[in-house]
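**Q** Sequence:
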Amino acid sequence: MRAAVVGHVEWIEFGRVDHVPAPGEIVHVRESWEVPGGGGAVSAVQLCKLADAGTLYTALGDDELGHRSRSDLERLGLRVEAVFRPEPQRRAFVHVDGAGERTITVVGDRLGPRADDPLPWHELADADAVYFTAGDPGALREARRARALVATARGLDVVAAAGVELDALVASSRDRGERYEAGDLEPPPRHVVRTAGAAGGEYETAAGERGRWEATALPGPVSDFYGSGDSFAAGLTYGLGAGLPIGEAVRLGARCGAACATGRGPYEGQLRDPD
44 MRAAVVGHVE
54 WIEFGRVDHV
64 PAPGEIVHVR
74 ESWEVPGGGG
84 AVSAVQLCKL
94 ADAGTLYTAL
104 GDDELGHRSR
114 SDLERLGLRV
124 EAVFRPEPQR
134 RAFVHVDGAG
144 ERTITVVGDR
154 LGPRADDPLP
164 WHELADADAV
174 YFTAGDPGAL
184 REARRARALV
194 ATARGLDVVA
204 AAGVELDALV
214 ASSRDRGERY
224 EAGDLEPPPR
234 HVVRTAGAAG
244 GEYETAAGER
254 GRWEATALPG
264 PVSDFYGSGD
274 SFAAGLTYGL
284 GAGLPIGEAV
294 RLGARCGAAC
304 ATGRGPYEGQ
314 LRDPD
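According to the numbering used here, the sequence shown holds residues 44 to 318 in order.
In case anyone wonders, no lab produced these hints; they're calculated from the structure.
A portion of the hints provided could be inaccurate.
Per label pair, the in silico range of CB-to-CB distance [as the list claims (entries may be wrong)]:
{"id": "1", "residue 1": "R307", "residue 2": "R217", "range": "37 to 43 Å"}
{"id": "2", "residue 1": "E166", "residue 2": "A142", "range": "39 to 45 Å"}
{"id": "3", "residue 1": "V149", "residue 2": "H71", "range": "32 to 38 Å"}
{"id": "4", "residue 1": "P230", "residue 2": "R253", "range": "17 to 23 Å"}
{"id": "5", "residue 1": "A239", "residue 2": "G151", "range": "26 to 32 Å"}
{"id": "6", "residue 1": "T148", "residue 2": "P231", "range": "31 to 37 Å"}
{"id": "7", "residue 1": "A241", "residue 2": "W76", "range": "23 to 29 Å"}
{"id": "8", "residue 1": "A241", "residue 2": "D152", "range": "18 to 24 Å"}
{"id": "9", "residue 1": "H165", "residue 2": "G58", "range": "37 to 43 Å"}
{"id": "10", "residue 1": "W76", "residue 2": "D105", "range": "21 to 27 Å"}
{"id": "11", "residue 1": "A204", "residue 2": "H165", "range": "20 to 26 Å"}
{"id": "12", "residue 1": "A239", "residue 2": "A158", "range": "30 to 36 Å"}
Every residue, glycine too, gets a C-beta built ideally from N, C-alpha and C.
Take these sequences, add in the hints, and give me the full structure.
**A** Shown next, in the form of structure tokens:
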């Protein structure tokens, strides 16, 4: 399968703590590590593992962390097509508490690709599946060349401005920043998928058909939940690109999200076998 992501990257510094500090409190990190993350990077690596190849079309800061993000993602097997902006790479600090929950502090603006960037957009006409996390409306229109196009509701204003039909929109029933209501997009997505964490989630079609899925049992002990949602979206995107019915595609996504939670950071536990 030819799979790709159009989206963003954040340089992530992780700190494992017993609990997230209360105001004025000092906590001590028991373990720390750094990797390139963010929704675009995490979903692209998961798609690459499922499809045996994948490309991330992105924009990075033209500094040490931006260039390091590209090289580290390439070492994970991902092909990275990037432009470098004359600004700092966006980064974040993630507290991972004793239950594996992640609390994120982000520094800097989200960098996404634009349609007028010198990227090989023509390649997307041959893509089976594309997931969109960040970029301008023109970049999303370029992504619409793919057989299956999925986007996150976190960038709903960009999706609305692009005016393209999505095969699926990934929203949340809990996160206010990822809400979607009927009428927010025209044309409406063919499928709206609303995640609910450990409660699974639900989906509905443009024709009003509805379904639910249960969360997949974790295949091992929890390390942290960072990247589980993005891995879910990648599994869903892969499933739709492979021609799976929406019910099977969301269950594949749930397997990807559960697997991710068992590895340190977003990549160690990600699912490799879609079967």
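**Q** All hints are to be evaluated individually against the structure, with a verdict given for each.
**A** Hint check results:
no. : hint                      : verdict
1   : R307 <-> R217: 37 to 43 Å : 25 Å, violated
2   : E166 <-> A142: 39 to 45 Å : 41 Å, holds
3   : V149 <-> H71: 32 to 38 Å  : 23 Å, violated
4   : P230 <-> R253: 17 to 23 Å : 19 Å, holds
5   : A239 <-> G151: 26 to 32 Å : 30 Å, holds
6   : T148 <-> P231: 31 to 37 Å : 35 Å, holds
7   : A241 <-> W76: 23 to 29 Å  : 25 Å, holds
8   : A241 <-> D152: 18 to 24 Å : 32 Å, violated
9   : H165 <-> G58: 37 to 43 Å  : 42 Å, holds
10  : W76 <-> D105: 21 to 27 Å  : 24 Å, holds
11  : A204 <-> H165: 20 to 26 Å : 22 Å, holds
12  : A239 <-> A158: 30 to 36 Å : 34 Å, holds
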